[in-house]
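**Student:** Chain by chain, the residues:
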Amino acid sequence: MEPKYFVTIYAADARALRELAGFDLDLFQATARSSEQDYHIEGLITLPDVSTLVAAGYRVTVEAPEHARARARETASLGEWLADMGEQ
Amino acid sequence: MPYLSTAAIQGAVQHLAGAYPALVQSVPLPEPSVEGRAIHALKIANGSDPDRRGVLFLGGVHARELVNPDALITLATRICQSYNGNSDIVLGGKTYPASTVKLIVDSLDVFILPLVNPDGRTHVQAPSGYPWWRKNRRVNAGSSCLGVDLNRNFDFLHASGIGTSADFCSDLFKGPGAFSEPETRNVRWMLDNFPNIRGMIDVHSYSELVLHPWGDDDTQTTDPVQNFQNPAFDGLRGNPGDGVYREFMVPEDRDWFVNAGNALRDAIAGVRGHSYTVEPAVLLYPTSGTSKDYSYARHIVDTGKAKVFGYTLETGQEFQPPDAEAAQIIDEVCAGLLQFCLSLLCLVESVAADALTDVELDGLRRFHDDVLARSPVGQRYLAQLVRHAPELLDGFAADEALRSSFVELLRAAGPVLSDGEGETVSKDLAGRADEFLKDLGKGRGRSALGRTIRQLRADLKVFPERTVRQGLEELERERPAP
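Respectively, the protein sequence lines represent chains A and B.
The first sequence lines up with residues 100 to 187 when you count with the working numbering.
The second sequence lines up with residues 614 to 1095 when you count with the working numbering.
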């Protein structure tokens, strides 16, 4: 599986931002923002996806590799949680 | 504390139901998940008055957004501990006094469905799983790609394709039809089976947002013809900013969404200063098939259904924040959701329901619905009531004399309030109301509530020898809405 990266994608205008939907990438819709300079949105995509977007006129900054933000593996058991909440 | 496993969340639900049997009921949902896991909600309440309102909190719809189910379980636990131990809930810089928590539990049915999508979370947390999985784990016939995006599977413009995908492999795959998934049907079941639910918040991550309808396009309050049920506009929705189509919402609902959203935002900010943004969900990216729009749209599609004020809360700044940050976000979620409970409470029913007769309460409900809600000045009063409800409820909970005085005033004012058309307000009644407001304002001089009370006392001077409706009209002439 191709490694993915957390990225910010910058578009020239709102239309270009919405047209990102056509690429069918894992974009985080709630992060879509506009500023005086640009429109941007965050997402989780591969480096080939980055190349595709850049070729289509978008600017992309790579923020972090996916593993750097993954904290799903270590889990708490019910017993640990009950103790932490003072429920035992 | 790391994130709770799926089994731990389900265990915590059963623990709370067992440890606090007088307050908590486990609500088994009718359908297991796609992979066969049982799903339970919690109901937290003390009392069974059929007129009680309810609130529903959802978490874990999107599998990778790990902090939110933990936040909902923590909220449930803190409410129970506070109620049983008569202790305040302290959330960073924001405190909910025990009296306020008691008021919530005694007045409201709090439904919590902490993990809508247990299969997704299990996959995310499995050593062989993918930590950024978003959807459920539906096997899509004819495809090797699994899953449906549950928050694009609700019955709101599902067929439109706005902000969704028909591609099995997309993270936004909306499913073969609205409510094709057992996990979303369970949410619908909650709303159908507990028709007292008046507010719902679906807790997601991330971006520090409080989102309210509409999500498919811009919102407007003037042209009811432009609405999601009107096929004349099919194909024109989903382009915010173009001015071609904007989704209709009655202005009083828009105001309610904004006011209660602002109160929720302020409560979150009280924890550690993070300022969430309150806005319609369409943002720059339109959506369809979301829980928030569906829950609110239900009463429009079927006027026999109750109106549910549905929100999406987007917590934090990443999907899986580190432990210390997760703990802070959990405090913020708890503060925001407790505040939302207060926004849903009816001040009169919460404070005075035990002391007033059903006839008196019905009259006051008519005053709310037929007089205040239909007058511009009345709507401003109602907005202030939502804004200050927590402080007022705290004040009443802590001061029995003030509470009694409020009840007596309501009883005395009943005949002039019930329809706003009958008796005129006597000077004596206006004087009693002014005395009550004076007592209520003691010690609140420069606060926002203090300023509101001073304005109300000034407004009162208009009412003697007029009906309430005439008084409101006179105030509107004197101080038209900006």
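For the record, the hints were derived by calculation from the structure and aren't laboratory data.
Where is the CB? At the ideal position from N, CA and C, for every residue including glycine.
Wrong hints could be hidden among the right ones.
[Said to hold, decoys possible] Stretches of chain A that chain B covers, calculated by requiring three or more beta carbons in the stretch to come under 8 Å of a beta carbon on chain B:
1. 128 to 136
2. 142 to 153
3. 160 to 171
4. 180 to 187
[What the hints assert, rightly or not] Label pairs and their computed distance ranges (CB to CB):
5. B:Ala1011 - A:Asp123: 24 to 32 Å
6. B:Gly755 - A:Pro102: 51 to 59 Å
7. A:Glu101 - B:Pro663: 34 to 42 Å
8. A:Glu165 - B:Leu849: 46 to 54 Å
9. A:Ser134 - B:Arg978: 28 to 36 Å
10. B:Glu1091 - A:Ser134: 40 to 48 Å
11. A:Glu101 - B:Asp936: 26 to 34 Å
12. A:Ser176 - B:Asn753: 44 to 52 Å
13. A:Arg132 - B:Gly1044: 50 to 58 Å
**Student:** For every hint, state whether the structure bears it out.
**Tutor:** Hints, verified against the model:
no. : hint                             : in the structure
1   : 128 to 136                       : holds (count 6)
2   : 142 to 153                       : violated (count 1)
3   : 160 to 171                       : holds (count 5)
4   : 180 to 187                       : holds (count 6)
5   : B:Ala1011 - A:Asp123: 24 to 32 Å : 56 Å, violated
6   : B:Gly755 - A:Pro102: 51 to 59 Å  : 28 Å, violated
7   : A:Glu101 - B:Pro663: 34 to 42 Å  : 56 Å, violated
8   : A:Glu165 - B:Leu849: 46 to 54 Å  : 38 Å, violated
9   : A:Ser134 - B:Arg978: 28 to 36 Å  : 46 Å, violated
10  : B:Glu1091 - A:Ser134: 40 to 48 Å : 42 Å, holds
11  : A:Glu101 - B:Asp936: 26 to 34 Å  : 30 Å, holds
12  : A:Ser176 - B:Asn753: 44 to 52 Å  : 33 Å, violated
13  : A:Arg132 - B:Gly1044: 50 to 58 Å : 53 Å, holds
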